[in-house]
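These are the residues of each chain, in order.
Number of protein chains: 2
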Amino acid sequence: MLDLLLRNARAENRSLSLLRSLCDDVGPRFPCTAGDVAAVAWAKEAMREAGLSNVRAEKAPATLWERGVESCMLRLPRLQPTVLSALGGSVGTPEQGLEAPVVMFTSLAELDAAPAELVSGRIVYLHHVMPRLRDGTGYNGGSVVRMSGPSRAAKKGAIACLVRSIGTDSMRAPHTGALFYEPDSPMIPAAALSTPDGDLLARALLAGKEVVSTLKLGCKPLPVGESANVIGELVGSERPEEVVLIGAHLDSWDLGTGALDDGAGCAIAIQVGRLLAALPQRPRRTVRIALFANEELGTGGGLAYASAYAKDAATHIAAFEADQGDGAPWALRLPAGNRESPLGVRLYQALAPLGLELDAGTSRGGVDIAPLRQLGVPFVDLRQDATRYFDFHHTANDLFENVSPEDLARVTEAFALTAHVIANAEERFIPATL
Amino acid sequence: MLDLLLRNARAENRSLSLLRSLCDDVGPRFPCTAGDVAAVAWAKEAMREAGLSNVRAEKAPATLWERGVESCMLRLPRLQPTVLSALGGSVGTPEQGLEAPVVMFTSLAELDAAPAELVSGRIVYLHHVMPRLRDGTGYNGGSVVRMSGPSRAAKKGAIACLVRSIGTDSMRAPHTGALFYEPDSPMIPAAALSTPDGDLLARALLAGKEVVSTLKLGCKPLPVGESANVIGELVGSERPEEVVLIGAHLDSWDLGTGALDDGAGCAIAIQVGRLLAALPQRPRRTVRIALFANEELGTGGGLAYASAYAKDAATHIAAFEADQGDGAPWALRLPAGNRESPLGVRLYQALAPLGLELDAGTSRGGVDIAPLRQLGVPFVDLRQDATRYFDFHHTANDLFENVSPEDLARVTEAFALTAHVIANAEERFIPATL
Chain A
1 MLDLLLRNAR AENRSLSLLR SLCDDVGPRF PCTAGDVAAV AWAKEAMREA GLSNVRAEKA
61 PATLWERGVE SCMLRLPRLQ PTVLSALGGS VGTPEQGLEA PVVMFTSLAE LDAAPAELVS
121 GRIVYLHHVM PRLRDGTGYN GGSVVRMSGP SRAAKKGAIA CLVRSIGTDS MRAPHTGALF
181 YEPDSPMIPA AALSTPDGDL LARALLAGKE VVSTLKLGCK PLPVGESANV IGELVGSERP
241 EEVVLIGAHL DSWDLGTGAL DDGAGCAIAI QVGRLLAALP QRPRRTVRIA LFANEELGTG
301 GGLAYASAYA KDAATHIAAF EADQGDGAPW ALRLPAGNRE SPLGVRLYQA LAPLGLELDA
361 GTSRGGVDIA PLRQLGVPFV DLRQDATRYF DFHHTANDLF ENVSPEDLAR VTEAFALTAH
421 VIANAEERFI PATL
Chain B
1 MLDLLLRNAR AENRSLSLLR SLCDDVGPRF PCTAGDVAAV AWAKEAMREA GLSNVRAEKA
61 PATLWERGVE SCMLRLPRLQ PTVLSALGGS VGTPEQGLEA PVVMFTSLAE LDAAPAELVS
121 GRIVYLHHVM PRLRDGTGYN GGSVVRMSGP SRAAKKGAIA CLVRSIGTDS MRAPHTGALF
181 YEPDSPMIPA AALSTPDGDL LARALLAGKE VVSTLKLGCK PLPVGESANV IGELVGSERP
241 EEVVLIGAHL DSWDLGTGAL DDGAGCAIAI QVGRLLAALP QRPRRTVRIA LFANEELGTG
301 GGLAYASAYA KDAATHIAAF EADQGDGAPW ALRLPAGNRE SPLGVRLYQA LAPLGLELDA
361 GTSRGGVDIA PLRQLGVPFV DLRQDATRYF DFHHTANDLF ENVSPEDLAR VTEAFALTAH
421 VIANAEERFI PATL
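Protein chains in written order, with this note's numbering: chain A, 1 to 434; chain B, 1 to 434.
It is possible that part of the hints are untrue.
Note that the list lumps identical chains together, so a pair holds whenever it fits in one copy or between two copies.
[Stated by the list, open to error] Derived EDC-like pairs (lysine to aspartate or glutamate); straight-line CA-CA distance at most 16 Å:
1) LYS156 - GLU110
2) LYS209 - ASP24
3) LYS220 - ASP312
4) LYS156 - ASP184
5) LYS209 - ASP25
6) LYS216 - GLU66
7) LYS209 - GLU233
8) LYS44 - ASP25
9) LYS220 - GLU95
10) LYS209 - GLU182
11) LYS216 - GLU70
12) LYS156 - GLU182
13) LYS209 - ASP199
14) LYS216 - GLU95
15) LYS311 - GLU242
16) LYS209 - ASP112
It should be emphasised that the hints constitute simulated quantities derived from the structure, not laboratory data.
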């Protein structure tokens, strides 16, 4: 049956056509915009067309935020207009903008250690250079700078915060992303400079120049709104109450069309549903596809799902998530204690022919399914090659044109095999012994 | 002596530091802007510092043009804001913008063959996909579309013209570039869409959708102004009146910092002067470095040089130009009849150890030195690898960060050897027999 599944998967790259449709016909789908509404309708239709049942949209809270104008001129002393994006959730500047000298730090620790008089009244620039790593873990350290930097700069009296984009490209394409305002700090405007603009600024400051920047951001947080998780199922033939959950997120940032983040995941998940539905025998357990709302700015969708389904946690046999774009799969990571369990072994045997390694670590899940961890749901990680992912992630270049059809096909195969094996196995994962 | 020259060239990559200084300290240098003025001062200083003599700025006419606001929203029917750049020299739209259905053609021939009623009152979109080729010749066909498309669309009654960017990338980074208004056509506003925006539009139109676009361009041509060619020399020790000319252009488009086009060429040319000046013996002939003004929008600098030095054409032993960015050199192309001439053989023997092939074709020169052809000046082409060049050319990503230090060093070496051989050879190139 796995052979037939693979053969069908390879006959036609429908993940790609699904993704093109999402990017072209829906486009950007920031929570509570017209694109978000269109995306929910698109997902329901795509799931029905794929042969899924119980297709529904389930309400989820969503953060509202508006971007508005964005400009930042550096006086190096020569004038250099830069390309930047406000961080998601940021407050704006006064309408006429603001102007101040820039002070640079290369880490949060360096900022924390600085005397307040060095920072007070200035614009803080955080020059953190994200490394390009296959497993994408360079993002972990980077996103902390973006999330926490603005409040930590504000604590020292900064009037605004710029970060070097958390990304690995060298394009004039800033990487947006959420920030987190700490409750005890003033909320100051914050934005990401494109990486080459950040590097230019760093070179000037390292050369000892006094750099003054003007900054105008028209963004503003708005009251909380509402979006929806879109869910569809292939009801199990023998144990319909037992669920194998495949997650992805339907929302995207506003700058690109969310092709890699996370249109690819949505396309993969729906296509896995279609491939399983097309087999002569339905899986024994229920396979549930959940496309979560508002991952990017508050993870409202994942939290709403965990809250609504907490009572069914014990019947969630496994959960896994596609939220690393089109990256080819390179490793399987299992729940603790399962590398030699019958289901762990069976799953790895199915995936090894696709070239996956067995990872020595413990599965962690993605952001949307993370709230299910404390409910005891076992996660499976299909680790995807993230070498190129952070060239595009959260930028205007997160577009269909920057997707690799071959890699998208390969990761779809791995997700399909994973879902099929877990949904049909006699065994379950061995629970973690805490 | 060639060995010493190469050793010195490899001791320190000063082309790179020159280029960084031009990009960081001067930045964009569109003709008749403050950046242009700063570039002229920078070039004079850099030439003097490199040990050149007779450093001077010679007046050259320059085209004035202002960019202004730029926006284009596609109704696919869903709304998609696009990223675009007005073409250099374009007139603007009315201040409130314009709005019309879009009609697509995939070539100028297809546009020329179309009935006027299909085009009249519409926005023409020219979907020409430039191929990625090592020798960069994909640009030839592409630039014709950009230069001539607007007037040819206007002849059929189009109210504006969009072209798919003449470039090989897939980024939201439109490629600007000059257009040419034919005298007998109405002047209509014209702009380049980023390649992925163009592809999105093409997919919608090919799917049979009616696409309406709004377009707002604030650009405007202005009266002709003035800039300057910057010239410096290493005066020949034996035949000072005989000149080996190395050209590059000092101006750049406004969007990036002109690192590849043509900051790289300026850095290479100045560094070649420095390397020759540092040798124990000065070249026998004069080596003249000319950084031309306003190549991008009218080639005013090259024309002014040819006009001013027409009387000295016979003493221009050879001219060559660096205007293909940081591309590593892969072939030598000689004046007709010189592949087996003593100087041709001597020059190729010097360059072969750098991995250069001997090209079977005839040298053509670059845009700036082209007017010297009809005066009988022999050209030498050092063909550079253009595989990546058109990912950045004329875009906001034409930045120092996108330069390869290794390739820049290699092309500097090839230019230095070429200048040294020609300036010291007993022979001259054999004149073309017409």
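Status of each hint after checking the structure:
Proximity of LYS156 to GLU110 under the C-alpha cut-off of 16 Å is restricted to the intra-copy arrangement: shortest distance 12 Å within a copy versus 63 Å between copies. For a Cα distance limit of 16 Å, the shortest separation of LYS209 from ASP24 across copies, 12 Å, qualifies, whereas the shortest one inside one copy, 45 Å, does not. In this homomeric assembly, LYS220 and ASP312 never come within 16 Å of each other (Cα to Cα): the closest approach is 38 Å inside a single copy and 65 Å across copies. Taking identical chains as interchangeable, the C-alpha atoms of LYS156 and ASP184 lie at most 16 Å apart only when both belong to the same chain, with a minimum of 12 Å there against 64 Å between chains.
When the C-alpha separation of LYS209 and ASP25 is checked against a cutoff of 16 Å, the pair qualifies only between copies, where the shortest distance is 11 Å, while the shortest distance within a copy is 48 Å. For the identical chains of this complex, LYS216 and GLU66 are intra-copy neighbours only, at 14 Å inside a copy versus 23 Å across copies, given an alpha-carbon limit of 16 Å. When the C-alpha separation of LYS209 and GLU233 is checked against a cutoff of 16 Å, the pair qualifies neither within a copy, at 60 Å, nor between copies, at 33 Å. Taking the closest pair of Cα atoms, LYS44 and ASP25 come within 16 Å of each other only inside a single copy of the chain (14 Å); across copies the shortest separation is 54 Å, beyond that limit.
Within a single copy, LYS220 and GLU95 get their C-alpha atoms as close as 11 Å, which meets the 16 Å cut-off; across copies the closest is 28 Å, which misses it. In this assembly of identical chains, the alpha carbons of LYS209 and GLU182 never lie at most 16 Å apart, being 32 Å within a copy and 48 Å across copies at closest. Taking CA atoms no more than 16 Å apart as the test, LYS216 paired with GLU70 passes inside one copy only; the shortest distance there is 6 Å, against 19 Å between copies. For the homomeric pair LYS156 and GLU182, the shortest alpha-carbon distance inside one copy (13 Å) is at most 16 Å, but the shortest distance between copies (60 Å) is not.
When the C-alpha separation of LYS209 and ASP199 is checked against a cutoff of 16 Å, the pair qualifies only within one copy, where the shortest distance is 14 Å, while the shortest distance between copies is 43 Å. When the C-alpha separation of LYS216 and GLU95 is checked against a cutoff of 16 Å, the pair qualifies only within one copy, where the shortest distance is 7 Å, while the shortest distance between copies is 24 Å. With identical chains, the CA atoms of LYS311 and GLU242 are at most 16 Å apart within one copy only, with a shortest distance of 13 Å there and 91 Å across copies. In this assembly of identical chains, the alpha carbons of LYS209 and ASP112 never lie at most 16 Å apart, being 23 Å within a copy and 55 Å across copies at closest.
Of the hints listed earlier, those the structure fails to meet are numbers 3, 7, 10 and 16, in rising order.
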